[in-house]
Amino acid sequence: MELRDVRRLTPGIDVNAYRIVGAAPGEHIGLPSSTVTLIVDLDDGLRLSEPGSPEPRTFRTCLGGMHLDPVTIHHGGTQIGVAAHLGPAAVRALFGMPAGEFWTTNIELSDAAPGLADRLYESTVEVPHDARAAVARHVLADAVASRPPVRADPDAEQAWRVIQHERGRVTVSNLVAWSCWSARYLTKVFTAEYGIGLKQAARLARFDHARERLESGDPIATVSAVCGYADQAHLTREFAAITGHPPAQFLAVRAAEFSAEPA
10 MELRDVRRLT
20 PGIDVNAYRI
30 VGAAPGEHIG
40 LPSSTVTLIV
50 DLDDGLRLSE
60 PGSPEPRTFR
70 TCLGGMHLDP
80 VTIHHGGTQI
90 GVAAHLGPAA
100 VRALFGMPAG
110 EFWTTNIELS
120 DAAPGLADRL
130 YESTVEVPHD
140 ARAAVARHVL
150 ADAVASRPPV
160 RADPDAEQAW
170 RVIQHERGRV
180 TVSNLVAWSC
190 WSARYLTKVF
200 TAEYGIGLKQ
210 AARLARFDHA
220 RERLESGDPI
230 ATVSAVCGYA
240 DQAHLTREFA
250 AITGHPPAQF
260 LAVRAAEFSA
270 EPA
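First residue of the sequence shown? That's 10 in my numbering, and the numbers climb one at a time after it.
By construction, these hints were calculated from the structure, which means they are not laboratory data.
Hints should not be assumed to be uniformly reliable.
[What the hints assert, rightly or not] In silico lysine to aspartate or glutamate, EDC-like type, Cα no more than 16 Å apart, as pairs:
#1 K197 - D162
#2 K197 - E175
#3 K197 - E166
#4 K208 - E247
#5 K208 - D151
#6 K197 - D164
Based on the provided sequences and hints, a complete structural model is requested.
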């Protein structure tokens, strides 16, 4: 089977396979990010709780839209599957609709693209772990190639690119000035495409950057300055609002998420 690389067909698709076994049963934080997340669960199903939801839901192939609140993933010590992180252009290429259509939702992929859901599951469950990411890319590449290109509004797309390039360190007034449109018009087309306003998108991109720097070991003072927060207190408030934990506690929780099962 020829395995074409989906990254050459459309930008913004990152695929990886994961296999975690022998961990203590527990929970994993599903963090907000600037991508739509596609999970193909190859174990007993992805059990996911959303804010305000009384009971977890179980997914075989979960398509999770961009969101600003964390979700909780429950596991019994084993997680096996494939994760694809889809930028907004990739969402359009795969589904023919804007990423905003999936804003704050978690659905079975079969509800949006039943054929793709079946192909992803059946093709990845049958191959060894080391081959799963490449096989998933091949399936996604075929899905992209089978659809006519559908472009986003060019002004919304340009504003999104600037926000991501600047890692959220950009103001709405800057974006409006660069677009040569009114703030009202740019906000309207941007929200229609991404399901989120300009200021919220910048906030999410800045958080992504800060989380990466903190997880790489950078001191909080450095991160708050580099990522454009007013001060450490501002960064702490943002982390508490977006993850449910201040930075130090967040890092401790992440480190303990898949600790080994006690002997």
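Hint-by-hint comparison with the structure:
| no. | hint | result |
| --- | --- | --- |
| 1 | K197 - D162 | holds (11 Å) |
| 2 | K197 - E175 | violated (21 Å) |
| 3 | K197 - E166 | holds (13 Å) |
| 4 | K208 - E247 | holds (14 Å) |
| 5 | K208 - D151 | violated (35 Å) |
| 6 | K197 - D164 | holds (11 Å) |
Against the hints set out earlier in the document, violations occur for numbers 2, 5.
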